[in-house]
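**Student:** Protein chains in written order, with my numbering: chain C, 62 to 878; chain U, -15 to 107.
Keep in mind that the hints are not guaranteed to be accurate.
[Stated by the list, open to error] A few chain C residues facing chain U, derived, Cβ under 7 angstroms:
1) 637
2) 639
3) 640
4) 642
5) 653
6) 656
7) 660
8) 663
9) 668
10) 687
11) 689
12) 706
13) 710
[To be verified] Within a straight-line C-alpha distance of at most 25 angstroms, the following computed PhoX-like cross-link-like pairs (lysine-lysine) qualify:
14) 297/C <-> 539/C
15) 150/C <-> 313/C
16) 767/C <-> 731/C
17) 681/C <-> 60/U
18) 40/U <-> 60/U
19) 25/U <-> 5/U
20) -11/U <-> 25/U
21) 668/C <-> 6/U
22) 40/U <-> 668/C
23) 112/C <-> 268/C
24) 297/C <-> 313/C
25) 634/C <-> 40/U
26) 286/C <-> 150/C
27) 60/U <-> -14/U
28) 634/C <-> 539/C
29) 5/U <-> 668/C
30) 112/C <-> 731/C
31) 681/C <-> 634/C
32) 767/C <-> 681/C
33) 6/U <-> 52/U
34) 314/C <-> 253/C
35) 6/U <-> 681/C
36) 681/C <-> 9/U
37) 6/U <-> 636/C
Calculated directly from the structure, the hints in this document are not laboratory data.
Note that beta-carbon positions come from the ideal geometry of N, C-alpha and C, so glycine has one too.
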Amino acid sequence: MLVSYLILSIIPLIIMGYIANKNLRDTGLQAVLRAEEMGSHNLQAAEYIGKTSIADSVVALDRKSTEAIELRTVELAARIADFLYERDKDLRVLASIKPDSRHYLDIYRLSNRDVIDTERPPVTDTNKADSPIMTSSNPENRDAWRHLPPCPARKLSRPLYKEITFIDLQGREKIKIAGGKISGNLLDVSRKENTYCRAENYFTHLKKLHKGEIYVSRVIGEQLKGWLYNTPEGIKISPESSYAGRENPSGKKFAGIIRWGTPVYNEKNEKAGYVTLALDHTHIMEFTDHVSPTEERFTILSDGGSGNYAFIWDNEARCISHARDFFICGFNPQTGKAVPGWLSEQTYNEYKKSGLTLEEFVEQLPSFSNFTQVKSASIEQIKSGFIPLDCRVLDNAPQCQGWHEGTEDGGSGSFLILWSGLWKLTTYSAIPYYTGDYGKSKRGFGYVTIGANVDDFHRDANITRANIEKSLREQGRKIISENNKTRELIKENASTNRLLFILIAVMACLAVISISLLLSLTITRPLRQLTHGAVEISRGNYEQSIRVKSQDEIGQLAKSFNEMAKTVSEVDKMKSDFVTTASHELRTPIQAMLLGISGILEGYSGKIDGEVREDLELAKTGIERLMNLISNLLDLSRIEAQKIEFTVSQVSLAEIIDRAIAEVSDLAQKHRHTIVKYVPADIPDIEADHDRMIQVIINLLSNSIKYSPDGGKIIIRAGEKEGKTVLTVIDNGYGIPSWAKEEVFKKFFQADNIMSHKVGGSGLGLTIAKGIVENHGGYIYCESPVPEGEFPELPLGGERKGAIFVIEFPTVHNPRT
Amino acid sequence: MKIRKILIVDDEQIILSYLEKKFTKLDYSVYLAGDGEEAVKQAFLNNPDIILLDIKLPKLNGIDVCKKLKADERTKNIPILILSARAQASEIEIGIAAGADKYLCKPMSFPDILSEIRAYDNK
Chain C
62 MLVSYLILSI
72 IPLIIMGYIA
82 NKNLRDTGLQ
92 AVLRAEEMGS
102 HNLQAAEYIG
112 KTSIADSVVA
122 LDRKSTEAIE
132 LRTVELAARI
142 ADFLYERDKD
152 LRVLASIKPD
162 SRHYLDIYRL
172 SNRDVIDTER
182 PPVTDTNKAD
192 SPIMTSSNPE
202 NRDAWRHLPP
212 CPARKLSRPL
222 YKEITFIDLQ
232 GREKIKIAGG
242 KISGNLLDVS
252 RKENTYCRAE
262 NYFTHLKKLH
272 KGEIYVSRVI
282 GEQLKGWLYN
292 TPEGIKISPE
302 SSYAGRENPS
312 GKKFAGIIRW
322 GTPVYNEKNE
332 KAGYVTLALD
342 HTHIMEFTDH
352 VSPTEERFTI
362 LSDGGSGNYA
372 FIWDNEARCI
382 SHARDFFICG
392 FNPQTGKAVP
402 GWLSEQTYNE
412 YKKSGLTLEE
422 FVEQLPSFSN
432 FTQVKSASIE
442 QIKSGFIPLD
452 CRVLDNAPQC
462 QGWHEGTEDG
472 GSGSFLILWS
482 GLWKLTTYSA
492 IPYYTGDYGK
502 SKRGFGYVTI
512 GANVDDFHRD
522 ANITRANIEK
532 SLREQGRKII
542 SENNKTRELI
552 KENASTNRLL
562 FILIAVMACL
572 AVISISLLLS
582 LTITRPLRQL
592 THGAVEISRG
602 NYEQSIRVKS
612 QDEIGQLAKS
622 FNEMAKTVSE
632 VDKMKSDFVT
642 TASHELRTPI
652 QAMLLGISGI
662 LEGYSGKIDG
672 EVREDLELAK
682 TGIERLMNLI
692 SNLLDLSRIE
702 AQKIEFTVSQ
712 VSLAEIIDRA
722 IAEVSDLAQK
732 HRHTIVKYVP
742 ADIPDIEADH
752 DRMIQVIINL
762 LSNSIKYSPD
772 GGKIIIRAGE
782 KEGKTVLTVI
792 DNGYGIPSWA
802 KEEVFKKFFQ
812 ADNIMSHKVG
822 GSGLGLTIAK
832 GIVENHGGYI
842 YCESPVPEGE
852 FPELPLGGER
862 KGAIFVIEFP
872 TVHNPRT
Chain U
-15 MKIRKILIVD
-5 DEQIILSYLE
5 KKFTKLDYSV
15 YLAGDGEEAV
25 KQAFLNNPDI
35 ILLDIKLPKL
45 NGIDVCKKLK
55 ADERTKNIPI
65 LILSARAQAS
75 EIEIGIAAGA
85 DKYLCKPMSF
95 PDILSEIRAY
105 DNK
């Protein structure tokens, strides 16, 4: 019971433990998987968001930057226009005064403008290192405080004008201020060869002017040579090429002029002549040479290689200001002819096939036809060194077409172009100066364009993107590492749990064992005691008492048992007392009856006649039977209670058989039965109560006598079988039905249905015999009917079925010698 | 020597009167005692030839009477036949151990009692 209890308690625990552990682990791992999934989802989401927001901010940034650059372009263009209108004013002032060289000189000297000195290093403040103002002294101003010190470049004061001249009506210079002084080199400017670069034809135009009208020329200057070559790193300038800012800071700068002119009228309002101003074009170039669309805002040396610079184009799309001065459209000072613009290779080939001169070819070339980056620039022209940018024919630069078209209405704008493998933003804005021929189109003087590398704007966004990506990668790594840690933790936990469960299971086992022990002590042992006690009571040992150790149910049970045992014992005692009392009490009145009747029958009370005798005999028989019954009942009760006292001694079977036969001989004779005995001489003695054994045999013989028709035969045999002493009584009586073979040994059994008449006796004989035999440790049983031929000397047949009674004694003595 | 004087000791009056009647009719001298003390007194007084002694007696039980009488010089030679309803082997042993010459179990027929007494005629 203990074991099954153990098993029943432990197995579920173990199963539970295992399942719980597994579940926990699985749940944990699932959680990790989910976390990983979530993590990667989050990562993906973050990446997506990052990308999108970067993309969006890039777009926004781009728009804002584009806006800013466009605005800058527009403002620059406006400033240039203002500057140009100022020159108109200067001219008008000049035209309003009487031409006088001294006055002109004064005006010349007074007309200065600062330009950035690119030769000398920038101004460096000795305490610049610690000077940058980091933040405002007023905390309310500290939010998003930004500060840039002023441009450190040195400035040089430079005269605005290269020349100031007064020309007579024939075109002869009358007054000339040049080179800072009154020049005596007065020329006839009606002849082109006397003009700057032999290229000016302004006198022709001046002659057509009315009062107050102004002529403004195009930019005129000597074309500079330049060389470009492509390297994997990008465009390189040859060291000998003309000034190209950072690329060749020591090169030659473009020296150009723009000529203003207007008629001068005397007091009589007659045209006296013309006054002209030759603006040093450097001042125009200054507007764009130091512009940088980057954070630096300004650059001292323009940087063609950076791709971030501003340039100016005139109203006929000719480059008039550029980071690389050799791109500016100039003239051949020998011929006075404009140098033809740089063509694409394909167009150049066409020129070669045309048979025209380059100038002629270019002149007749349609503007802006088939502009595409697919075309490559003409190499021969590069080799020649003369590569001015004339948008009209620069057909491998489609942006030229863009700018020109965009400025047609005098407006501004921008677009992107993939140039030299870089995405560039290019802005344009028409310069709103409409004097003279510049008033012919809404385009005005021309247009400012600023080119900016998109990547530069995106730099911030790219930095942000790089940061975001880095952070995302970090996150990713962290998540993976966290997940791995969690996995490890779960595994650890699982094994810890397993250990814990094992520990708990072991402890539970121990607990169960101790509980079982406890149970055995508190319950099982008392139960066993109770059982033992009950068994003893059933055996007749009524004096049982169990120690009451506790107040609980077991204790109660023990107490109840003790009380019950006591009651049983008392009852048994009462029964014994009753039996004893009854036996004594009953005997006395019977004694009286017997005395009286026996006395009468024996004649001690006087003579009696036959009838009286008969009747008294009846009474005596009754008394004897009564006595018999009482004796038997008492015997039986004592036997059943196992209280019968045996006087055990060595008993000779032969002797007791003889005695028994002697006792029943009267009864046998009465029914004419024959009793035959077979007792071997060497039959061993038995250890038994002498008188009781006689009683047993007597009972068996009486039984056989009673249950046989008169004149029967009874055989009594003693023998040995398998170490047991066996006593057998065989009769040829009515036999015993098979269902009654056990019943016959029961109290008061008299088999009425076998017999037609009642037999005497109490029905207790066999019961008493059985009781005595069993009390001796023996065994008694019967067989019926007698098998044919087993006892040939026993006549059977008809109602003589016969019965065999066998008594076996387990004890065997040494045979008497 | 023939038994002439019988002392019958029994707590049952009807037994005593019947036996007295019958024994007297047979020319015996019958002395009666209803309890143990009376029995001892009678024994010392009348010196019977034989005593029929019951066990269950008031005042002094039969076994003690027997012991007493058998211990006393005056009465130790008187044969004592215990006639008792107590028929267990142990009780018989006690009786014999107390000195009784014979132990008879009730109920006994009068002729049987008579023959037991007559058995001591020549002792």
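**Student:** Are there hints from earlier that the structure breaks, and if so, what are their numbers?
**Tutor:** Checked against the structure, the hints that fail are numbers 1, 2, 3, 4, 9, 10, 11, 13, 14, 15, 17, 22, 23, 26, 28, 30, 31, 33, 37, while the rest are satisfied.
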